[in-house]
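Peer 1: Note that the protein sequences, when read in sequence, are chains A and B.
Its first residue numbered 1, the first sequence is counted upward by one per residue in the working numbering.
Its first residue numbered 435, the second sequence is counted upward by one per residue in the working numbering.
Since the hints were made in silico from the structure, they are not lab data.
Cβ coordinates follow ideal geometry from the N, Cα and C atoms, glycine included.
Certain hints may be false.
[As the list claims (entries may be wrong)] Pairwise CB distance ranges (calculated):
id, chain 1, residue 1, chain 2, residue 2, range
1, A, T83, B, R792, 27 to 37 Å
2, B, L838, A, G200, 47 to 57 Å
3, A, L72, B, A809, 43 to 53 Å
4, B, N501, A, D300, 54 to 64 Å
5, A, L359, B, D835, 55 to 65 Å
6, B, F615, A, S87, 53 to 63 Å
7, A, S87, B, N830, 31 to 41 Å
8, B, G700, A, G200, 24 to 34 Å
9, A, Q403, B, S503, 36 to 46 Å
10, A, G362, B, N852, 55 to 65 Å
11, A, S87, B, R792, 27 to 37 Å
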Amino acid sequence: MSKLNILFHQVGLTADIPLGVVARISRTEMEASGREYFKEVVVPASSARGIDVDVEPGSYWVQAILPSGRILQQYCDVAGEETAHVSFGDDAAAAERDAGWLSWQTFDEGLIPGSSGLLRQAPTRPSFWSKIPSLETFARLIRRTILGRGDQASLSVVACPPGREAWSIVASETQDLFRQLLRRNDGDLPAEAFLEKDTGRLKLWKLKSAEQDPSQRRWALIGLGNGLELMCLPTPWRLASGEFAEVELLVDMDPERLHPRASIVVRDPDLAGLLAYLGRGNLSSVRPLVESLDLEKLVDRAISEKAANPLAACAAAYVGLAVFDLAERERWDGWLPNLMNWFPWLPDGAILHARRILLRPGINENELVLLALKRAFHAGIPFFAAGVVLLRDGLLLYAHKDQEANAMLDAVSSVASRLDQRQAFTNLRFGRGA
Amino acid sequence: MSCGRWTSWISNAFTRERFAPMPDGDGLDLKTEPELVFFDGTDEPGTHVLIVGIGHYPCLLGGEKENSSLAEGMGQLDAPPISARKLAQWFLEDFHNPEKPLRSIAMVVSEREPSTFQHARALPPHPLPRGDGAEVEDVIQRWIARSSGKSDNLTVFFFCGHGISSAQSVLLLRDYGAKPFHRFDGALNLSAFRVGMQTMTPNEQLFIIDACRMPSAALDKVRGEVRPGRTAISPADLDDRGGQPARQSVHHATSDLAPAYGRVDGPSLYTEALLMGLNGGGVQPNFDPSNLWVGTNALQTAVSAYVARLAAKEKVEQLPDVSGAISFKIHQPLEVAIPLHVISHPPEAMKQARVEARLDKDVKSYYDFREHEAAEEWVVNLSYCAHTIFASFHENLGFEDERLVNTPMPPESYCRINCRSRLQQ
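All chains, please: the whole structure from these sequences, using the hints.
Peer 2: Here it is in C-alpha cells:
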C-alpha cells in the first residue's frame, strides 16, 4: 500500500501536538474505480513526525487549513508501495525565523514570519491614551510580586476577587482598577514565573501552574508602553498525565505598531490545536479535529477524575457546541450541567449550560437559561473570550424583560468592550485613565 | 416564422425563466417601500435579502459636510455601491434555492447622487433609500415584516461600508457624524441587531459584513456604553419561537481589529471572493455529492482562500472571519464553478503551451500562449466533475503532449502537468 506522510513542521516544539492542523487530501485524478478521493485528516504539529495516510498510487493535492484560516497547499505524487512526504511550515520564511522558543506562540499563526522578524497579524489599537502614574509608583505603594520588567513591559500576577465583584472592579476606571486589584493582592502570590526570553521587542514569560485553589482567580497584569492588558490566567491547567502545564505569556513590543500586544498559550500538547482554532474563531473547518479528540472521553476525564481540568472541558464544549449538530451529542445533556454544578467557581460552565439549552430548548426551559446566565455572572468573569461574548449575547436576549439581567448586561458589556476576541482566553485591554 | 425569428424565440425561451421581466410594480407601493428592487409577492417559504452599500459619507473626509475631527481618517468609498449592485445582480441571475426561492430584494445605496438599480428582473428603476440611520431602521423593520410570514424563511443581510469594532461591531451609516454630539446615531450596532434578529421569526439568517473592524477612538470614548449605535430592533420574547433562537451565520470580511480592502472603481476584495464562493467554490460535498449546495461552512473556507489570494496580489493582508459555525444551506448552483490552477513542471513550460480543459469531447476552456498572455499558471473555472486536461507544448521544448483527468475540488484545486521529454523514448 502506498502512503502519504503529512507533517506540519513546527520548529522547536518541545512536544508533538498530535492533533494540530486540519488537512484535506484530494486526488487530482479519479480513482481506478471511477470514484473521487477526498479525505479530511488531522495532522500533527511536530518537529519530526507526521501522520501516515494509506492511499492508492497517484497524484494528490493536500490542503492544510490553519487556525488562522489561511490555507497552505501542496501537490504530491505517490508511487506504488512507497511513502511520499508532504511537509508544511518548513518554507524559506520559516527558516528565517529563530522560531524555536516561539514555536507554541506561532502555531496558530498569530505571529507571521517576515523578513524583518515576527509581525503581529492584526493591527493593534491606536494610542490616544492620557497619562497615569507608572506601575513603578504602584509597586512602591503596594506589596506584590513583579515577575519581570522589560524596557517597556512589566508583568504582575494579581489575584482578583472571584465572583461578581470582579465585574465592577474591572469595569471601573483604570486607577481604581489597580488600587483595588493590588490592595487585594495579599498573602501568597501564585505560580512561579520567569522571563524566558527577551529580545528587546519580544518578551516571553513562562508561568508554571501548580496546585492551588482554583476559585482564586489569577490574572496577569501587563503594563505596556501605552496601555495595560489584564489577561486571565488559565491555571491550574492539568495535563492528561496529571502534571501541570506551563503557561506562556508573550508580549510583542513592535515599535511600528502604536500599541503592543500580549497573548497567552497553554502548553498542552493534547489540546493546543483545539485551543488555537478556538482562539482564532476558525471553527468552520475544525470538525475533523474535534472528532479525532474523542470529546466524550476527554470531557469525562476532565471533569470526573480526581485530577480534573474543567477548563479543558470548557474549551472542548465551546468548540463542540459550535461544530456539532445537537442531535449528535445528546449525551452532553448529562455532563454539561455537571460542569456548572460541580465547579461553581467556573463561570464558563454555567454559560455553556445556558447555551446548550438555548440551542435545543425543552418545554419551559427558557427560565433555566436565564438562571444559568445569572449564575455565570455571579461566578465572575469567564476564563474564555467566547464565554464573555456568549454571556453578553445571552443577557441581551432577556434584558428587555428582566431588570436584574439588564443591570448585569451593563456590567458585562462594559467589560466586553475591552475584550480581545482574537484570543482563546479572556484578555482585556485598558488605556491610561485620566 | 423565419429561421431568424425561430432562433430568437428559442433563445428567449431559454432565458425566459431566469430573466423574465418583473411586473411593473402593480400592487406594490414603492413610495412606502422604496428599498424594494425585487418582490414576487408570494407567501411561500423563501429568501428575503437586504443589501446595504454605503459609499458616500457626507461628514467624513471628502464629504460635503466634512468633519475631520471625527472622521478618524475615514473618507469616501468607491466599492460599497458597486459591491451592492453586483450582489443584487447575482441574486437576480444566479441565486437558486428550490427550497427557499428568492422572494424579495431590498437595497439601500449611498452615493453622492441618489441611486437607482436597473435589471431586467428588477422593479422599474426608482430612487433607493440613501442610508441615513432612521431610514435604515425603517428598511430593516419592513424587511423583517416581509420575512416573518414563515419560520422556514431564509434572510440574508449584506452590508458594505465603513465599520469599527470594540468587541462589538458597529457599522457606519450615511449620516455618521451628522450629529457631532451623538455621532453613533448614524450607525448600526451589529452585535445588538444580530442578537435581536435571533428572536425574530426566520429560522435561518445569513449575515455578510464587508467592512473594516478597526478600533476607533470614538468607540473607546464610549467604552462601557452597552450598545453604541442604533439597534434597529428590540429582542422579542424567545418563547414566541419555542424558546430557541434563530440559526445564524455571521461572515465578516476581515478579522477583528483589521481592515478590509476595496478597489477604486471596483468591488471590494471580499465581495469578489464571495461571488466566487457562491458560484461554486463554496459547495459542501457532505450535503449530498450528487446534489451540491453552497453552505455556510464551506463558503467561509472558500472565501478565506480566495480573499487570501486576491489580497496577496494587491500586497495587502486580509483574513475573513466567521461568528458561529452554524451550518445551513444557502444556494444550489445550477452550474458549479470551481477554480482549477494549472501549472507545469518545469514551470516555464506553461509559457509555451496550449492547455485545454475538456468535458467529454467538448473543450470547455483553453489557454494558448499564442493567443493569451503567456503565464506560468492558468486559472480556469470548471464544474465539479472529472475533466480531461490536454496539454501540448511548443515543439522547441521537446515535451510530449500530456493528458490527465482532474476533478476540481472546492474551494480550489491544482493540476500539475509533469512534462516528459520526447528524448526519453
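Peer 1: Now tell me if each hint is right for this structure.
Peer 2: Checked hints:
1. Taking the beta carbon of each, T83 of chain A and R792 of chain B are about 33 Å apart, inside 27 to 37 Å as hinted.
2. Distance hint check: the CB atoms of L838 of chain B and G200 of chain A are about 53 Å apart, consistent with the given range 47 to 57 Å.
3. For L72 of chain A and A809 of chain B, the hinted distance range of 43 to 53 Å is not satisfied, since their beta carbons lie about 22 Å from each other.
4. At roughly 59 Å, the beta carbons of N501 of chain B and D300 of chain A sit within the given window of 54 to 64 Å.
5. For L359 of chain A and D835 of chain B, the Cβ-Cβ distance of about 56 Å falls inside the hinted range of 55 to 65 Å, so the restraint holds.
6. As the Cβ distance of F615 of chain B to S87 of chain A is approximately 58 Å, the hint placing it in 53 to 63 Å holds.
7. As the Cβ distance of S87 of chain A to N830 of chain B is approximately 36 Å, the hint placing it in 31 to 41 Å holds.
8. Distance hint for G700 of chain B and G200 of chain A: a CB-CB separation of about 42 Å, inconsistent with the stated range 24 to 34 Å.
9. For the pair Q403 of chain A and S503 of chain B, the supplied restraint of 36 to 46 Å holds, since their beta-carbon distance comes to about 38 Å.
10. Checking the proposed 55 to 65 Å range against G362 of chain A and N852 of chain B shows it holds: the Cβ atoms sit about 59 Å from each other.
11. Checked against the hint of 27 to 37 Å, the pair S87 of chain A and R792 of chain B passes, with Cβ atoms roughly 34 Å apart.
Consistency note: the structure conflicts with the earlier hints numbered 3 and 8.
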